[in-house]
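A.B. asks: Protein sequences, first through last, are from chains A and B.
Throughout, our numbering is defined as the position within the first sequence, counted from one, plus 561.
Throughout, our numbering is defined as the position within the second sequence, counted from one, plus 1.
In case anyone wonders, no lab produced these hints; they're calculated from the structure.
On a predicted model such as this, the values are computed, not experimentally measured, just so you know.
In this text, a Cβ means the ideal position worked out from N, Cα and C, and glycines have one as well.
Any given hint could be a false lead.
Stated by the list, open to error - Computed spacing ranges between beta-carbons, pair by pair:
#: 1; chain 1: A; residue 1: Val939; chain 2: B; residue 2: His253; range: 36 to 46 Å
#: 2; chain 1: B; residue 1: Lys38; chain 2: A; residue 2: Tyr587; range: 52 to 62 Å
#: 3; chain 1: B; residue 1: Asp163; chain 2: A; residue 2: Lys827; range: 31 to 41 Å
#: 4; chain 1: A; residue 1: Arg867; chain 2: B; residue 2: Asp118; range: 45 to 55 Å
#: 5; chain 1: A; residue 1: Asn898; chain 2: B; residue 2: Asp229; range: 52 to 62 Å
#: 6; chain 1: A; residue 1: Leu756; chain 2: B; residue 2: Lys30; range: 40 to 50 Å
#: 7; chain 1: B; residue 1: Asp229; chain 2: A; residue 2: Glu900; range: 40 to 50 Å
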Amino acid sequence: MRAENLSGCLEKEMDKLVLENIYKNYGEVRAVKNLSFSVNDREFLTIVGPSGCGKSSTLRMIAGLEAITEGSLYLDGKKINYIPARDRDIALAFESYALYPHLTVYKNLAFPLQTKKMSRKDINERVGSTMDLLHLREYRNAKPGELSGGQQQRIALGRALIRQASIYLLDEPLSHLDAQERVDLRVQLQRIQKLNQLTFILVTHDQLEALAMSDRILVMNEGVIQQIGTPEELYDDPVNLFVADFIGEPPMNFTHGVLVTVEECKPAIRCENKIYTLPEDLMKKENLMAYLNRKVVMGVRPEYMRLCKKNNPGAIEGYVYSYEDLGETGYLMVASNSEKFLIEVKSGVLYKIQDRVYFCFEENHICIFSDENGERVV
Amino acid sequence: MEKKSEYNTEGLLMLKDVYKNYGDVEALKGVNFTARKGQCLVILGPSGAGKTTTLKVIAGLESVESGEIYFKGQFINNLEPRNRNMAMVFETYALYPHISVFENLASPLRTLKMDEDTIKKRVTEIATMLGIDKFLERRPGFLSGGQRQRVALGRALIKPVDLYLMDEPIAHLDAKLRYQMIGEFKHLQETLKISILYVTHDWREAMSLGNEIIVLNKGRVEQYGEKDEIFKLPANTFVARMIGDPPMNLMHGSISERGGSSIFKASHGMEIDLHESIRPGKAILGVRSSKIGLALPSNKRGIDAEVYSCGKHGMNTVVSMKVGEEILKTEFKGHQSFNIGQMIRIYIDLENACIFHESGKLIRVLGERNG
């Protein structure tokens with residue numbers, strides 16, 4: 562029932578938070594450039610990008626911890642540029658924990674509730690359930706200094722989530738946890754957000770984490786928004802080379818070549834002494850013709866490539882460079898010209914280095930980018 | 002059995018009952034294994050397992066409490082590290098920025114006082130193999146990231162020794178470079194047939210690079226075998242959960258007899274016919290995530306599950322679900338969408354499912370004749 566409610570709300574697309582042409586300068590350094598996007602009510606939005614891309618600055622401006630150089634910020638329809646951090650209805654969990662060192666875990670968690678004048682019984686209940694969610698119950702009487710980085714991070718996260726706020730900002734909340742804890746807490750974070758119908762903005766450098774939890778993902782690089790969309794959109798339809806390369810693991814295969822036509826106008830990419838033929842209907846797209854005889858980059862994910870027979874149309878010859886067998890699937894690295902392609906294959910076949918193989922691309926999943934500016938052509 | 006005799010002839014390195022203490026802490030508690038010539042043997046384990054200690058003891062950087070170490074048939078417990086003819090490789094990406102690729106590759110050989118002609122020959126050889134022979138005169142700053150990686154790898158492996166000891170050599174690289182590096186690494190190891198003992202906490206690296214794998218936990222060898230064996234016949238639940246992502250699903254319950262076939266009854270009431278006869282008693286059923294799928298409505302043996310969380314992993318959809326009190330995790334192919342709390346029907350394919358004793362020890366792999 563809850564699920565139905567949820568999707569109903571998303572369709573209404575009520576904007577919870579709106580950023581309009583936001584800039585952030587630190588002296589000469591322009592950290593965030595002309596950033597505009599909105600966050601829907603009850604949405605889990607993740608901002609992802611490499612270090613220095615401006616993602617944390619963005620979050621800190623929303624929180625009110627950094628002044629906005631230029632642009633407008635709206636929360637629940639109200640402009641909040643000049644409202645101090647403590648008066649914004651926002652809960653924060655930042656990478657630097659900022660816990661009270663002299664208080665126990667329990668009291669650290671209870672603190673935000675006591676300032677709200679909640680009854681002792683209610684506080685006890687809420688702190689208890691938060692400790693359970695974040696596996697903190699056994700440390701309830703410990704002080705932060707006695708705990709590991711991962712445990713302290715969970716307390717900081719708990720202290721943000723225990724509050725009632727209009728929006729929750731989480732900056733790398735899982736960065737100090739070990740691999741197993743991280744996977745476990747991804748699940749818990751998503752459940753907390755969905756079951757309580759909260760609005761989350763989470764910042765991370767880890768694209769796997771973003772794909773695993775989010776409703777939508779915003780990719781940033783060098784202070785500029787690259788793409789915003791659902792995990793599926795970013796994975797299958799990246800708008801430029803940066804997004805294509807940043808999202809996905811193992812990474813997308815890229816080949817540099819020149820766009821040409823072969824045998825009666827069939828589009829193809831010439832790359833050293835090989836010709837990669839492209840699906841004919843791509844030719845109908847005007848955009849592609851504009852790139853004829855120009856340098857392009859072709860990108861195909863390892864899952865969208867497969868081995869085939871020599872006489873298969875479009876089969877490309879290569880030889881086995883190396884093979885990793887992971888038990889159920891395997892990754893075959895195939896050398897063709899001076900390029901290497903990673904191809905996902907089923908486990909259980911023995912491949913020998915230098916074996917000759919033929920491979921092809923799943924036509925609907927070929928991305929072509931301009932070599933000059935990295936923009937997606939088709 | 003056949004394997005044993007093979008070890009005796011091809012054994013390069015052998016550890017017999019090796020113990021190592023740091024004060025009161027027992028770091029190694031009777032470690033036994035044999036590494037073969039020309040192979041990559043991987044030690045896989047979580048932090049604190051004793052992986053690095055094992056390498057240090059072999060390199061001679063730490064002494065052992067008790068036990069014996071043999072290298073090329075020689076007892077080496079008391080041999081100086083520099084006389085062991087091994088190289089310890091820590092990280093494979095440190096290059097000198099101010100000298101050429103050639104000099105970067107040559108410098109480990111220069112310390113060996115090798116003559117110029119031999120150095121040149123060896124550098125050319127390894128550079129050709131890695132496809133960096135065209136860049137020998139360039140400085141690292143003028144190479145692409147991938148090319149630099151190959152130079153670094155070449156540098157790590159250029160010194161001719163009988164055994165390379167590698168401690169998480171690529172753990173600090175970003176995920177994408179790691180994929181490239183694993184491919185390059187494997188290519189080089191198989192082409193040169195060098196002997197490597199490789200330590201990692203990452204199961205992917207272990208499965209990719211290892212001919213054989215040692216799973217180490219708290220100073221003890223949990224299992225030692227060919228990688229296929231480690232994957233298909235895990236000795237216990239620890240090994241089973243160590244390899245694979247999402248890890249193997251474990252369901253607690255008991256086995257009982259019904260009409261000549263054994264039934265696994267999970268603690269929450271779900272019953273599964275195992276179609277094999279297994280001794281009744283408490284047991285754990287282990288199923289890899291790939292063996293859980295969405296059941297068609299016509300499937301009468303479908304199991305009801307409640308979606309617990311749902312996310313993306315590449316082109317797949319990762320779903321955790323609640324069956325009774327157990328949470329199972331699986332990956333469905335393609336982009337799918339489920340809401341938390343939604344009820345779905347799943348099936349469990351028992352091919353290669355593992356039955357463990359309640360202590361965690363493997364009893365049987367379903368469908369295996371001699372398991």
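A.B. asks: Confirm or reject each hint.
C.D. replies: Quick rundown of the hints versus the structure:
1. A:Val939 - B:His253: 36 to 46 Å: Hint violated: Cβ distance 52 Å, outside 36 to 46 Å.
2. B:Lys38 - A:Tyr587: 52 to 62 Å: For tyrosine 587 of chain A against lysine 38 of chain B, whose Cβ atoms are near 57 Å apart, the range 52 to 62 Å holds.
3. B:Asp163 - A:Lys827: 31 to 41 Å: violated, 55 Å
4. A:Arg867 - B:Asp118: 45 to 55 Å: holds, 47 Å
5. A:Asn898 - B:Asp229: 52 to 62 Å: violated, 33 Å
6. A:Leu756 - B:Lys30: 40 to 50 Å: holds, 45 Å
7. B:Asp229 - A:Glu900: 40 to 50 Å: violated, 31 Å
In terms of the numbered hints stated before, the structure departs from hints 1, 3, 5, 7, listed from lowest to highest.
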